[in-house]
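Using the sequences and the hints given, assemble the complete structure.
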Amino acid sequence: MNILVAYFSKTGNTEKLAVSIGDELIRRGHSVEYETIKPSVSYSWFREAARDFPRYPFIALSLLNTKYRERYLRKYNQVEEDIQALKYPDISAFDRICVGGPKWAQMSYPVARYLQIIRGIRGRKLGIFATFGGPPLKVFEIELIYKPMTILIERMGASVVARVAVSSAYHAAGIMPLFRFLSWLQFSKPIESFTLKSEYAHKGIMDFCDHIER
Amino acid sequence: MTKYSDTTLFRLNSFSDTAKQIKRTIYESVLLTGFAPKVSDISNEFELSKQMIDGILHDLEGGIIIALQNKEHANIHEFMGQKLPDGCILPEVGEIFYARPFANFKNHHQIYVDGEQKWYGECPVECMTISYFFPDKDVIVKSIAHDSNETVEIIGRNGRLLDYSPKSLRVFWGRPFGDWIKADGKDVDFIFPCDTNYFFSSEKSFQEWKKNNPKTRGQIFTPDAINRLLRMFNYGHERFDYQYHIPLLRFFLGLIGTSVIKVKMFIPFPNPFFLSIIKLARNARKAGYKFFLDVKLW
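Protein chains in written order, with the numbering used here: chain F, 1 to 214; chain H, 1001 to 1298.
The reader is advised that the hints may include incorrect statements.
[Unchecked claim] Restricting the straight-line Cα-Cα distance to at most 27 Å, the calculated cross-link-like pairs of lysine-lysine (DSS-like) are:
{"id": "1", "chain 1": "F", "residue 1": "K189", "chain 2": "F", "residue 2": "K38"}
{"id": "2", "chain 1": "H", "residue 1": "K1264", "chain 2": "H", "residue 2": "K1286"}
{"id": "3", "chain 1": "H", "residue 1": "K1137", "chain 2": "F", "residue 2": "K10"}
{"id": "4", "chain 1": "F", "residue 1": "K87", "chain 2": "H", "residue 2": "K1071"}
{"id": "5", "chain 1": "F", "residue 1": "K38", "chain 2": "H", "residue 2": "K1137"}
{"id": "6", "chain 1": "F", "residue 1": "K87", "chain 2": "H", "residue 2": "K1137"}
These are computed hints drawn from the structure, not numbers from a lab. Just so you know, these numbers come straight off a predicted model, no measurement behind them.
Structure, rendered in structure tokens:
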């Protein structure tokens, strides 16, 4: 199969995940092309995060109530950011497309823009991947990135067939001690058990590639 | 390029996801081939009944995204004051006439990207930000001035106007929003509002033309003023979720001191030409069209 792996990476962690997925797909005999999603202008993490600040109370509220979260994730206004011209603006030549980026509250802004502008997405099968700072908390980390991406992709007439998300054990705001504590509290494991080199990530990538191949 | 504003205060209607997918299909075809697909091809691809596709195209027309061919324009020989070029095939009645800012037929507004020319612009006003559709590329619009038949050239990149010639160029916006739909909401024609949009080689020649056309309610603008205005409305046109939007603060701060918002005695006065958008919204509602618009803070 001819597969496109498109990713945005701010600190290099998502790029490593994208390359791992690409390498595994090549090992399985597929042809892989990469698309690096680059923002037109790079801003500091604080300036980027500040654009989502007005939404933080709603995100907090959505963590407490499942019904509200369902509604919120369908209706919220995703922040986007201008990206540089793409190598493959039309993806219709590819059999499968894998799109990924870091989790920033929800989708990272360049990935949100990428999904909004790529052509030929209708009827395609996509795989989505992401990196997040903390341990794989079911709602806060996993659902808040998978759901918005899936909803947008399905609205555009495509379908999501594979998902994988791993921890980068990195957060620009320096809240890793809190995440490390949560990792022990929730999973009784260090956060490194969920990073790219872990068994958790290896299993996730294998599973992702299995689903992409189907 | 400006960042996409996510500060939506409220939405006056939203396109359905199917309408957005159809809009995307239309623009993908335009960008690839220069022309929009036939309505029957779209309905077959989406497996929609005639009633459903008609409803969606009606919404896209109301959202000022497309315009459908009508009887009044079915047999035109001239387009915006210029003879249609050889080999021009006009769309049949009910087919897509405009996928704004593109026209679905050959005309004198030719769009060049990387030396390639297969696209045609819809009108001088919309041509000002057509480069949004070709990211990071210099887009050249070649057209003809209405008064002198002089060649007009506009160069843009990412929606921004880089250069134009002649330097005295003016853009004539022929009909204010309020004249687009009749007050009784009947005989709606989404092509006609752009029929009298022209390029003029200079303001002086426009004034001479106006002496012979005293009833015109249109106004002329500098290319820069129109570009600044349209950049706000057309920004993000290539996005899946796009519909026209008014970023309030950006609108006032960015256009103050231009012919769009004039300042008298330190008080900003919006040009009444554009205020008639309220009349357009009222008449469109009478005609059974929804008004698709996002109002944003920034």
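*Holds or violated: are the alpha carbons of K38 of chain F and K1137 of chain H at most 27 Å from each other?*
This hinted pair holds, its Cα atoms lying about 16 Å apart.
*Would the pair K87 of chain F and K1071 of chain H pass a check requiring their Cα atoms to be no farther apart than 27 Å?*
42 Å, violated
*Is it true that the CA of K87 of chain F sits at most 27 Å from the CA of K1137 of chain H?*
The given pair, whose Cα atoms are some 13 Å apart, holds under the 27 Å limit.
*asked:* Please verify whether K189 of chain F and K38 of chain F have alpha carbons no more than 27 Å apart.
replied: Distance of about 34 Å is beyond 27 Å: violated.
*Within 27 Å, alpha carbon to alpha carbon, are K1264 of chain H and K1286 of chain H?*
Answer violated: K1264 of chain H to K1286 of chain H is near 36 Å, above 27 Å.
*Is K1137 of chain H close enough to K10 of chain F, meaning Cα to Cα at most 27 Å?*
25 Å, holds
The structure fails to meet hints 1, 2, 4 from the earlier list, while all remaining hints are met.
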